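Asks: Protein chains in written order, with our numbering: chain Y, 421 to 533; chain A, 449 to 560.
Think of the hints as simulated: they come from the structure by calculation, not from any bench. A quick note: this is a predicted structure, and the numbers were derived from the prediction, not measured. Even glycine gets a Cβ: it sits at the ideal position worked out from N, Cα and C. Some hints here could point you the wrong way.
So the derived list for chain A, only partly shown, Cβ under 8 Å to chain Y, looks like this [unchecked claim]:
no., residue
1, Arg489
2, Gly490
3, Phe536
4, Ile547
5, Pro548
6, Thr549
7, Gly551
8, Val558
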Amino acid sequence: EAQVTQNPRYLITVTGKKLTVTCSQNMNHEYMSWYRQDPGLGLRQIYYSMNVEVTDKGDVPEGYKVSRKEKRNFPLILESPSPNQTSLYFCASRLRTGLTEAFFGQGTRLTVV
Amino acid sequence: SQQGEEDPQALSIQEGENATMNCSYKTSINNLQWYRQNSGRGLVHLILIRSNEREKHSGRLRVTLDTSKKSSSLLITASRAADTASYFCATTSSGGSYIPTFGRGTSLIVHP
Numbered sequence: 421e422a423q424v425t426q427n428p429r430y431l432i433t434v435t436g437k438k439l440t441v442t443c444s445q446n447m448n449h450e451y452m453s454w455y456r457q458d459p460g461l462g463l464r465q466i467y468y469s470m471n472v473e474v475t476d477k478g479d480v481p482e483g484y485k486v487s488r489k490e491k492r493n494f495p496l497i498l499e500s501p502s503p504n505q506t507s508l509y510f511c512a513s514r515l516r517t518g519l520t521e522a523f524f525g526q527g528t529r530l531t532v533v
Numbered sequence: 449s450q451q452g453e454e455d456p457q458a459l460s461i462q463e464g465e466n467a468t469m470n471c472s473y474k475t476s477i478n479n480l481q482w483y484r485q486n487s488g489r490g491l492v493h494l495i496l497i498r499s500n501e502r503e504k505h506s507g508r509l510r511v512t513l514d515t516s517k518k519s520s521s522l523l524i525t526a527s528r529a530a531d532t533a534s535y536f537c538a539t540t541s542s543g544g545s546y547i548p549t550f551g552r553g554t555s556l557i558v559h560p
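Start from the sequences and build out the full structure, keeping to the hints where you can.
Replies: Written as structure tokens, this is what we have:
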């Protein structure tokens with residue numbers, strides 16, 4: 421089954437404790453991206469990757485890091501989480517052509533206290 | 449920056465009525481997509497319309513695109529309570545990264 425898998429689904433952590441949210445897709449998609457969703461703000465893009473070892477900043481990259489060592493995986497790293505990073509996070513992937521839909525993971529609800 | 453902006457922000461209708469949501473965007477696009485999100489869940493793709501298309505249908509969904517006005521509309525006909533969700537438009541810019549840029553969404557409530 422074609423899917424994007426995020427882990428964990430829920431996470432409560434403390435300020436400053438490094439964490440990683442994993443994202444994996446099984447569709448051989450070139451493009452992957454991370455979004456955060458906050459009430460009243462919709463989905464905002466954090467980082468995206470157009471292929472292995474190619475990443476770029478989205479609209480709200482501060483406080484986040486990503487890596488794309490393999491085509492299927494695109495982890496989101498918070499080196500020193502802060503309360504303002506409490507949010508619902510989504511990973512998405514898409515074929516390179518841009519003429520097809522994006523597939524989304526089920527989301528990771530992160531709370532930083 | 450967010451490319452698409454949906455209107456209205458919230459819409460409440462009775463089952464059986466039609467629901468219309470609009471999306472405006474700022475720059476030239478390659479295509480525009482509509483997604484649906486049930487509360488707290490991942491987004492599900494509904495329909496994609498290319499910049500050279502003006503109208504597209506899928507079941508009870510009808511999407512129009514007016515590139516001269518930089519706007520799109522999503523019409524859900526004969527709505528059902530199960531259509532209750534948030535709806536987002538997403539654009540892919542011409543010559544861009546092909547990563548969709550989303551608006552803030554329209555929250556649709558369909559009362560049984």
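Asks: Does each hint hold? Answer for all of them.
Replies: Evaluation of the provided hints:
Annotation: interface hint on A:Arg489 holds; nearest CB of chain Y at approximately 6 Å, less than 8 Å. For A:Gly490, the suggested interface contact is upheld, since its CB lies about 4 Å from the closest CB of chain Y, less than 8 Å. Annotation: interface hint on A:Phe536 holds; nearest CB of chain Y at approximately 7 Å, less than 8 Å. At its closest, the beta carbon of A:Ile547 sits 4 Å from a beta carbon of chain Y; the interface hint therefore holds under the 8 Å criterion.
Hint on A:Pro548 holds. Least Cβ distance to chain Y is approximately 5 Å, under the 8 Å limit. Restraint check, A:Thr549 versus chain Y: the minimum CB separation of about 7 Å is within 8 Å; hint holds. Restraint check, A:Gly551 versus chain Y: the minimum CB separation of about 6 Å is within 8 Å; hint holds. Because the smallest distance between the Cβ of A:Val558 and any Cβ of chain Y comes to about 21 Å, over 8 Å, the interface hint for this residue is violated.
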